[in-house]
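Chains A and B are the protein sequences, given in the same order.
Counting in the numbering used here, the first sequence runs from 396 upward without gaps.
Counting in the numbering used here, the second sequence runs from 2 upward without gaps.
For the record, the hints were derived by calculation from the structure and aren't laboratory data.
Being a predicted model, the structure only gives us computed values, none of them experimental.
Note that CB positions come from ideal geometry on N, CA and C, so glycine has one too.
Stretch by stretch, here's where chain A covers chain B in the computed footprint (C-beta under 8 Å, at least three residues): (1) 46-60; (2) 115-126; (3) 141-154; (4) 386-399; (5) 403-409; (6) 412-421.
Partial list, computed: chain B residues near chain A (C-beta under 7 Å): (7) S63; (8) R64; (9) T65; (10) I198; (11) E199; (12) P201; (13) V202; (14) D272.
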Amino acid sequence: MATQTVVAAQLLSVVLWVLVWATIFLLALILGSRAGRLWRERRDRQLIGELRPAMLAVASGEDEDSAALSQLTTVTRRRARVVDHAVSAMLSKVKGEPARALAQVLRSHGRSSWALRGLNSKRSIRRAYAAWTLGLMRERESGSKIIPLLQDRSIDVVVAAARALTLIGDSKAARAVVRAVAPRRRPRGLPSWVAVECLCAFDESVTTVVLEATAHPRPSVRHVAATVIGTRPLPRAAPMVRERLGVEEDPRTLASLVAALGRIGGATDLPVLSRFAQHPDETVALAAVDALEGIGLHSSVEALAPLVADSRPRLSERAAVALTELGPQGRERLLAFANAPGPAELPATYALQLTAMRSATRGLD
Amino acid sequence: MDWIELLRTAVAAVLAFVAWPVLIYFLVINTSYLVMIGLATVDFVSHRRRIPFAGREELMRSRTMPGISVVTAMHNEEMGIRVAVESFLSLQHPRHEVIVVDDGSTDNGFEVLRKAFDLVPVTRRMPQDVAVREAPTSIHVPRDGRTRLTVVGKANSGRSDSINVGVNLAREDLVLFVDSDSILDPGALLAVSRPFIEDPVTMVAAGGVIRAVNGCRVKGGRVLEVRMPGSPLADIQVLEYLRAFHLGRAGWSRINALLLISGAFGVFRRDALTSVGGLDANSIGEDFELVMRLHRTLRKQRKPCRVTFLTEPICWTEVPSTVPVLRRQRTRWHRGLWETLWAYRGMLFNPRYGRLGLVAVPYYWIFELIAPLLELVGLVLIALGFALGLVPWQYFLLFMLVAYAYAIIVTLAAVTVEELSFHKYPRWRDLGITLVAAVLENLGYRQLTAWWRLEGWFAALTRREQKWGTMTRSGFTEVDS
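So that you can see chain A by itself, here it is in the shape it has in the complex (with noise of 0.2 Å):
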């Protein structure tokens, strides 16, 4: 009987030959990345380190005489890259005056205008990163510049953007914001907690843009719209707010629209809002509670009191909670509850209690 070649063996040695190569390729780019990123960090920890002392003044805010400062704005152009990562990565989390000076430093190395030239680069990433680093220099006249790239075809571009407006504070930037959050081209949108922080961060001219907002068609605008409302939080918008309760769908949309009415309502919505604690959905229902206690009227305690007997567990609980926060009429009705036998009886009890124990060690924090 013949014997078997399933497939040609000249075709199976030159596969072989090419794996092989494939293979001393793989181990090449291996041994080359890490040897390579192993010498580039040794080499910047060298650059860097007699630089750090006036880093960290520079940050703290202590250099008074401005010595640490001069001695960042004159290194050599091989230190100055170094220098500016550094100084890019303390940028976002300083603000005011050491924010100032630390801007300064890179913009001495010529940052700013590397920065402005990148804005239009044909390289996603280097127009991520020139729009982050006009952020971190508060180049508030770039603002404009930046807000185009709101509608940028790569969302690393969108979300540099977002971030640089939100240091830089240009409310202008308020639509544009809502637009990237539901694009039409893209199939990923801004990210919603991106969009809430910038919109947060802007001055009260947003609040139309918000409101606006709060009707759009697509369900992760209008949760971005609710949620800043509760979170800035907008008084203006509660006329708007109640309306959209009685006809939002989504029901995280929902739960956040509570929720801000509880933040900026009053005592008119507790009815509104004892409402909501009975919706279907817990979410929903929780938030409710939630507003209700927000609100902290002496009438909140007889909107969350009837909660305290609902028939689902963690409704009853969060409201006797709730009830222990709003003074002694709340844990006088809870009280009652405890010692009457009925459906309130044990989250009542569990509310008493866990407010006994941390009365208890009050003391010891």
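Given chain A, work out where chain B should sit, using these hints.
Chain B alone, transformed into the frame defined by chain A:
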């Protein structure tokens, strides 16, 4: 010797019939791994580039960060439970609670916790969001009333049921499942919460990277120094975790078709989790089953649903260091895979589920489920062909070299991505061990695990009793200072 001639004829016929399909199968499966690694690379590159402006520090202060309940089950783990709970409580997050469910331990695990955290009993009504077999018999909290720890006592009913009890008691919007003997990196909670504030409307679940803790230097529930285990069995598993669990899942996540989040470290939106009934206590592949159920239920309800995999958060867990334990683990995994795929066979090639039904589920059937069968059949046939003189030895050698060289290339590609991105193993020695393990994996380990996977499949088909077995752990390498 007529029977030898008969066998030669039969093997020759089978070889002629299946050789090309098997060869193409190997080519496609390894190429698919390479594609997944490629997709994951895009994700890693993007992730690494974004780090300077991603705002990781700002996450901690973000007013939009949802609370998270860390739920863990313990069963006879008195040795390590205190350190584990301390480490969970000290994770960076603005609002997190820890719920430990004691699954009928017969050791002093509960006493250890009671003394360490000064626990006192409280009376709480447990929500019945998810059905459980065993209700809690006791609920304890620290006496200070502030430390966000809840320890629940109940009769033994298995890990999944215990986790469900924890889910019922969870108060926060997100629920994280984690094994009590796993170690989380300090920023793991923040990172794993991130997808939920990036896309709060549609994100329902996220899984994170799991790596082997064997060989690492650990102190007080923190990994101080990452090292390769040093034993060939565990070294090879490090590579497997990197290739299949890390890069593979990142690749699936990249195309929005992730089907599996590991039960050792997965975070879920509580409302989505309870709406599908929590973990299935009867399933042996409960983590896979849960994600499949989430996809199926939410798609049927036309609710937006995204499941993602994070390249960044790190959960460290001990991988089996002995052959019997590894065998039990692999048979269980494959059995769980089969049972879940069979239970959800309606999703196969079903366009209603989009990429999941048309790409991911068929891939799991063809390349995850059947792979061990085809690998062993191919191996046996070519070996038989060689033994019977049907295949010349030079050809046999060439064939084997090509087959395994491609597998080594796939592993090396994974190591390259790791080296270019996270490079978690800093020592040159560890790199050497990794490269040796990439070759050793193909000399026995691969074939053995394929056999064990078939055993698991066979056990499922013959409806043998399901057993979790005991994961014998040798503990972490704790350092003194």
